[in-house]
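For reference, the chains in residue letters:
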Amino acid sequence: DAKTTQPTSMDCAEGRAANLPCNHSTISGNEYVYWYRQIHSQGPQYIIHGLKNNETNEMASLIITEDRKSSTLILPHATLRDTAVYYCIVRVYFSGSARQLTFGSGTQLTVLP
Amino acid sequence: DTEVTQTPKHLVMGMTNKKSLKCEQHMGHRAMYWYKQKAKKPPELMFVYSYEKLSINESVPSRFSPECPNSSLLNLHLHALQPEDSALYLCASSDRGMPGEGGTGELFFGEGSRLTVL
Numbered sequence: 002d003a004k005t006t007q008p009t010s011m012d013c014a015e016g017r018a019a020n021l022p023c024n025h026s027t028i029s030g031n032e033y034v035y036w037y038r039q040i041h042s043q044g045p046q047y048i049i050h051g052l053k054n055n056e057t058n059e060m061a062s063l064i065i066t067e068d069r070k071s072s073t074l075i076l077p078h079a080t081l082r083d084t085a086v087y088y089c090i091v092r093v094y095f096s097g098s099a100r101q102l103t104f105g106s107g108t109q110l111t112v113l114p
Numbered sequence: 007d008t009e010v011t012q013t014p015k016h017l018v019m020g021m022t023n024k025k026s027l028k029c030e031q032h033m034g035h036r037a038m039y040w041y042k043q044k045a046k047k048p049p050e051l052m053f054v055y056s057y058e059k060l061s062i063n064e065s066v067p068s069r070f071s072p073e074c075p076n077s078s079l080l081n082l083h084l085h086a087l088q089p090e091d092s093a094l095y096l097c098a099s100s101d102r103g104m105p106g107e108g109g110t111g112e113l114f115f116g117e118g119s120r121l122t123v124l
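Chain order of the listed sequences is A and B. Residues are numbered in this note's numbering as their position in the first sequence, beginning at 1, plus a constant of 1. Residues are numbered in this note's numbering as their position in the second sequence, beginning at 1, plus a constant of 6.
It cannot be assumed that every hint is accurate.
Unchecked claim - Cut-off 30 angstroms, straight-line C-alpha distance, at most; resulting in silico cross-link-like pairs (BS3-like, lysine-lysine):
1) 4/A x 70/A
2) 4/A x 59/B
3) 46/B x 28/B
4) 4/A x 44/B
5) 4/A x 46/B
6) 28/B x 44/B
7) 4/A x 47/B
8) 15/B x 25/B
9) 46/B x 70/A
As the list claims (entries may be wrong) - Covered by chain B, according to a simulated footprint, are these stretches of chain A (three or more residues, beta-carbon under 8 angstroms):
10) 46 to 54
11) 101 to 108
No lab work stands behind these hints, which were simulated from the structure alone. Idealized CB from N, CA, C, for every residue including glycine.
Assemble the whole structure, with the sequences as input and the hints as a guide.
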């Protein structure tokens, strides 16, 4: 799986959009970008994934650049409960078998009141 | 039901004890995982089971012994652990993420079992 680079930490004001960047310059054509987050002392939680088109769900939006070498996770209206470590992971999607996640260091997002 | 249930939530054990961590899911997933997470570090993969067979062992010491008795259950047997094995142990499950099967390949994680070895 391709390696990812994320900032160590970010702050965001409550109610504002949180934009979390991720670099994955060695991504392969069959690798998807996944985002998970881990709230303190809980298990990681899936947020969203995408291949090359922008994706949106009830939690977030994922913007992937045209060359697929970087992406941005957007939390449109951050709340205090969004304070967590956010992991950007690149992973083959269709594999036909178990396909583990390899976690990088992630970004600690702190939403400030 | 999209839950992965782990028991116990907390476990304290001595270095000579034998204990087990348990994980259960009822989502029909055929892949299950054990991860270990030390404080302020990302989760690290330990074992992967696919269709109840061990498919990946990330060079984990033999004092950790995984078991998958059926497609819904995953155990981690612990024996003669060291204090440095104290960590949060996370279980996860996933579908195969194959086209046409309706799955996404995402991993569903439990809340973890926090282990302290004295």
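Which of the stated hints cannot be reconciled with the structure, identified by number in ascending sequence? Nothing - there is no hint that the structure violates, so all of them hold.
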